[in-house]
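Protein chains: 2
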Amino acid sequence: MIDPRVASGLRDIPPSVMIPRERMLASFRKTFASFGYLPIETPHIERMEVLTGKGAGSDEVLRQIFDVTNKGGTPGELALRFDLTVPLARFVAKHVNELGVPFKRYAIGSVFRGERPAKGRFREFMQCDFDTVGTESALADAETAQVIHDALASAGVAEFTITLNNRKILDGMLDTLGLADRTGSVLRALDKLAKIGREKVADELRKGDAESTERGAGLSEDQANRVLDFVEQGRGGAEVLTQAEETLGAHPRAADGIKNLREVLSLLEAAGVPSRRVRIDLGLARGLDYYTGVVFETTVNGWERFGSIASGGRYDNLASLFTERRLPGVGASIGLDRLLALMEEAGWLKGALTTVPILIANFPGVDPVTPVALAARLRAAGLGAEVFPEPLQVGKQMGYGSARGHKLAVIVGPDERASEVFNLRNLATRQEQKGIPQADLETAIAEALKAIEGTSS
Amino acid sequence: MIDPRVASGLRDIPPSVMIPRERMLASFRKTFASFGYLPIETPHIERMEVLTGKGAGSDEVLRQIFDVTNKGGTPGELALRFDLTVPLARFVAKHVNELGVPFKRYAIGSVFRGERPAKGRFREFMQCDFDTVGTESALADAETAQVIHDALASAGVAEFTITLNNRKILDGMLDTLGLADRTGSVLRALDKLAKIGREKVADELRKGDAESTERGAGLSEDQANRVLDFVEQGRGGAEVLTQAEETLGAHPRAADGIKNLREVLSLLEAAGVPSRRVRIDLGLARGLDYYTGVVFETTVNGWERFGSIASGGRYDNLASLFTERRLPGVGASIGLDRLLALMEEAGWLKGALTTVPILIANFPGVDPVTPVALAARLRAAGLGAEVFPEPLQVGKQMGYGSARGHKLAVIVGPDERASEVFNLRNLATRQEQKGIPQADLETAIAEALKAIEGTSS
Chain A
0 MIDPRVASGL RDIPPSVMIP RERMLASFRK TFASFGYLPI ETPHIERMEV LTGKGAGSDE
60 VLRQIFDVTN KGGTPGELAL RFDLTVPLAR FVAKHVNELG VPFKRYAIGS VFRGERPAKG
120 RFREFMQCDF DTVGTESALA DAETAQVIHD ALASAGVAEF TITLNNRKIL DGMLDTLGLA
180 DRTGSVLRAL DKLAKIGREK VADELRKGDA ESTERGAGLS EDQANRVLDF VEQGRGGAEV
240 LTQAEETLGA HPRAADGIKN LREVLSLLEA AGVPSRRVRI DLGLARGLDY YTGVVFETTV
300 NGWERFGSIA SGGRYDNLAS LFTERRLPGV GASIGLDRLL ALMEEAGWLK GALTTVPILI
360 ANFPGVDPVT PVALAARLRA AGLGAEVFPE PLQVGKQMGY GSARGHKLAV IVGPDERASE
420 VFNLRNLATR QEQKGIPQAD LETAIAEALK AIEGTSS
Chain B
0 MIDPRVASGL RDIPPSVMIP RERMLASFRK TFASFGYLPI ETPHIERMEV LTGKGAGSDE
60 VLRQIFDVTN KGGTPGELAL RFDLTVPLAR FVAKHVNELG VPFKRYAIGS VFRGERPAKG
120 RFREFMQCDF DTVGTESALA DAETAQVIHD ALASAGVAEF TITLNNRKIL DGMLDTLGLA
180 DRTGSVLRAL DKLAKIGREK VADELRKGDA ESTERGAGLS EDQANRVLDF VEQGRGGAEV
240 LTQAEETLGA HPRAADGIKN LREVLSLLEA AGVPSRRVRI DLGLARGLDY YTGVVFETTV
300 NGWERFGSIA SGGRYDNLAS LFTERRLPGV GASIGLDRLL ALMEEAGWLK GALTTVPILI
360 ANFPGVDPVT PVALAARLRA AGLGAEVFPE PLQVGKQMGY GSARGHKLAV IVGPDERASE
420 VFNLRNLATR QEQKGIPQAD LETAIAEALK AIEGTSS
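Protein chains in written order, with numbering that gives the first Met the number 0: chain A, 0 to 456; chain B, 0 to 456.
There may be inaccurate statements among the hints.
Chain copies aren't distinguished; within one or between two, either way the pair holds.
What the hints assert, rightly or not - Okay, derived cross-link-like pairs now, BS3-like style, lysine-lysine, Cα gap no bigger than 27 Å in a straight line:
hint: 1; residue 1: Lys29; residue 2: Lys118
hint: 2; residue 1: Lys53; residue 2: Lys258
hint: 3; residue 1: Lys29; residue 2: Lys449
hint: 4; residue 1: Lys433; residue 2: Lys395
hint: 5; residue 1: Lys70; residue 2: Lys118
hint: 6; residue 1: Lys70; residue 2: Lys258
hint: 7; residue 1: Lys118; residue 2: Lys93
Think of the hints as simulated: they come from the structure by calculation, not from any bench. Note that this is a predicted model, so its numbers are computed, not measured.
Make the full structure from the sequences, and use the hints.
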């Protein structure tokens with residue numbers, strides 16, 4: 000016997016998780032499509048040089064690459080993708096002439112990283128990305144946040160907060176302190192603020208000097224305090240932008256960033272995104288080199304410890320590894336698996352282990368054409384129905400339905416068959432309505448389902 | 000610059016193919032779910048021994064396996080799955096105790112085979128599988144054909160034929176000729192009947208002898224003719240079963256197979272599957288060793304040269320590699336990519352390069368909050384809408400919409416903004432309706448879309 004386990008760091012996704020996951024993916028696809036994002040798919044396998052080109056992935060990600068080799072192939076030539084952004088860059092570089100710009104695409108698929116296995120961390124996970132390529136418009140920036148909002152709201156995520164920043168503001172602030180050359184090390188330190196607190200970040204900002212910023216940014220005590228004050232006071236609503244304008248309005252790059260966030264806020268308001276769900280955080284950096292304008296993070300209120308479940312931002316040039324053509328853009332990625340883990344822990348996922356509300360019994364001694372025909376009628380009326388495949392004792396069939404969460408069972412015994420009626424059992428309450436004419440099947444069941452929904456909500 | 004090409008035998012799927020593909024997948028999922036099949040997902044990467052266990056895949060498939068190795072991992076331990084059936088067997092063996100039987104699952108995902116690249120053959124392609132495990136009921140057999148039928152009919156495949164057989168009938172027939180020990184080689188020859196014709200198959204049936212059946216079955220001329228007559232006369236409707244019963248009714252195994260197909264036909268009729276779409280072919284074998292009862296193939300009428308687009312059958316024991324527990328079942332797989340290739344060639348895929356019917360212009364000099372707010376209203380009314388991200392010349396924006404297949408454009412210039420109206424342009428006819436009150440947006444657009452649909456159908 001071969002052990003039926005999965006490889007380390009991988010997992011099977013059972014129906015109890017897949018049912019809400021499929022529901023959520025369908026909802027995301029619908030949201031993306033309703034904004035005119037177009038679906039694309041790229042192979043799971045890419046050529047190695049595409050994935051390891053300069054700047055394609057961080058050193059950490061590159062260490063986690065899975066090599067792929069087929070029999071007779073040369074090792075080192077192929078690998079599994081580690082995100083959907085590098086494949087997008089390659090895709091756009093290859094197809095931009097046919098597609099034209101602006102090009103809005105979404106892509107949903109598995110990515111692979113050979114991380115050390117740990118609880119809740121898997122080597123294969125799903126990303127849901129959407130991007131608008133070929134425009135620098137603030138409208139596309141705002142739309143990206145709007146899509147995050149609509150996707151999460153439509154998918155039933157209760158309350159959440161989209162945090163916005165524009166990298167140019169922080170750049171401008173550091174420039175006014177004469178620290179433009181130390182942006183990277185300052186951002187690396189600031190990234191840890193939520194985790195390790197102000198004191199330790201201040202230490203790190205002061206460590207090192209301008210020449211050696213490996214382990215610190217080499218700031219003076221005063222500089223470190225001004226950076227930390229700016230960041231800590233830079234959280235809130237539109238008023239944060241007014242404050243920033245007073246301090247930094249004269250700096251062209253910072254002013255640009257402030258103007259962009261103002262436009263984004265006003266467009267989000269016009270789009271009906273509730274202002275309680277949008278927040279500015281002038282310290283938000285999201286990685287070090289990639290993003291150049293607006294950046295986004297999204298946390299679920301009360302579940303911030305799960306980290307950001309939808310993140311992204313604006314980049315100056317997507318596909319510089321593959322084409323001379325400059326392609327600015329903006330996009331975000333929803334971390335479906337992290338979101339589902341959160342929703343499961345929060346108890347927000349419905350527990351049913353079935354995709355249909357109705358079980359039709361296969362009554363011993365009754366020709367199965369009867370349940371099969373009734374089920375086909377229900378499906379034609381848009382009501383999912385499952386026929387139990389074997390004529391077991393009816394009690395056992397009802398047990399199967401109760402365990403899986405079917406709401407109603409249709410039972411046709413020999414007497415019911417003869418008089419063309421059926422019995423309808425509520426599998427939760429065990430109440431049974433007897434002798435309903437089979438001609439009334441669709442309406443009787445629609446009504447019974449409505450009544451159940453009414454009582455459960 | 001890195002060449003943005005994909006690796007040999009792989010491909011990008013652009014929006015023009017992805018839009019109908021997503022529509023079709025959503026339709027398949029809905030059909031599978033409406034019968035109570037539950038979604039599961041297994042990793043793309045499996046342990047090598049799971050994939051290469053005895054009988055898991057044919058020698059050909061095993062030669063095509065892609066090895067997977069992460070940095071620091073041991074080569075030869077992991078590989079990409081080549082189908083969804085071996086992962087199902089592993090999954091069921093691992094989880095059957097929690098899940099119980101009958102267990103009905105569907106799985107949709109990419110599989111990988113390092114075949115020699117050729118036109119229309121890819122090394123990564125998508126399979127859509129559904130199976131019922133843990134029952135020997137004919138109801139599950141019929142349901143499998145019914146799901147193929149409903150999935151294809153709902154997805155807009157015009158006319159198609161589901162061909163049925165039960166392997167026991169052919170087994171019985173060969174047994175009556177004293178050829179039970181040569182089933183494998185006879186089936187191998189019969190499999191080629193459609194391709195090479197009766198004469199050449201007859202040659203192959205006569206070649207070799209009972210001892211050495213490598214290149215032939217060693218049948219006498221009379222045996223070969225009786226087998227071929229049986230197979231060639233065994234195609235049609237229920238009358239074929241009556242004939243077979245006359246010849247083979249006394250053979251218990253054949254009688255079993257005939258009874259099963261009778262039940263399947265009667266259940267399919269009860270389920271409303273039109274009889275013109277169902278056909279018996281007593282020569283249909285579908286592979287040599289795996290299937291043990293009913294088998295299915297499906298071809299699109301007039302497009303038979305694309306081969307079967309949905310195939311499957313009953314197996315005696317799914318997971319014998321992984322568990323002592325006997326798990327009989329029945330299932331089928333829809334070859335989505337082959338079906339799409341066929342539909343594309345047949346011209347059945349709609350050509351639009353957009354997921355939304357409405358483009359909202361971003362009029363130069365008009366604050367983009369107006370188009371963004373109008374778009375949000377349309378989406379809230381269930382109408383997809385895209386706002387052009389940049390305030391380019393309106394003519395260019397209309398060109399973008401016409402090229403992608405948007406049906407209507409909403410235009411709000413400065414005058415329209417001031418008087419709270421909008422202009423509505425039909426992007427196909429270029430007719431424009433001017434000065435519609437913005438308050439009537441949703442109703443005016445719903446009406447205009449209805450009118451367009453009315454003229455195009």
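Each hint, compared with the structure:
no. : hint            : result
1   : Lys29 x Lys118  : neither (31 Å within a copy, 33 Å between copies)
2   : Lys53 x Lys258  : neither (32 Å within a copy, 66 Å between copies)
3   : Lys29 x Lys449  : both (26 Å within a copy, 21 Å between copies)
4   : Lys433 x Lys395 : within (20 Å within a copy, 66 Å between copies)
5   : Lys70 x Lys118  : between (34 Å within a copy, 21 Å between copies)
6   : Lys70 x Lys258  : neither (56 Å within a copy, 45 Å between copies)
7   : Lys118 x Lys93  : between (39 Å within a copy, 20 Å between copies)
Violated hints, in rising order: 1, 2, 6; the structure is consistent with all others.
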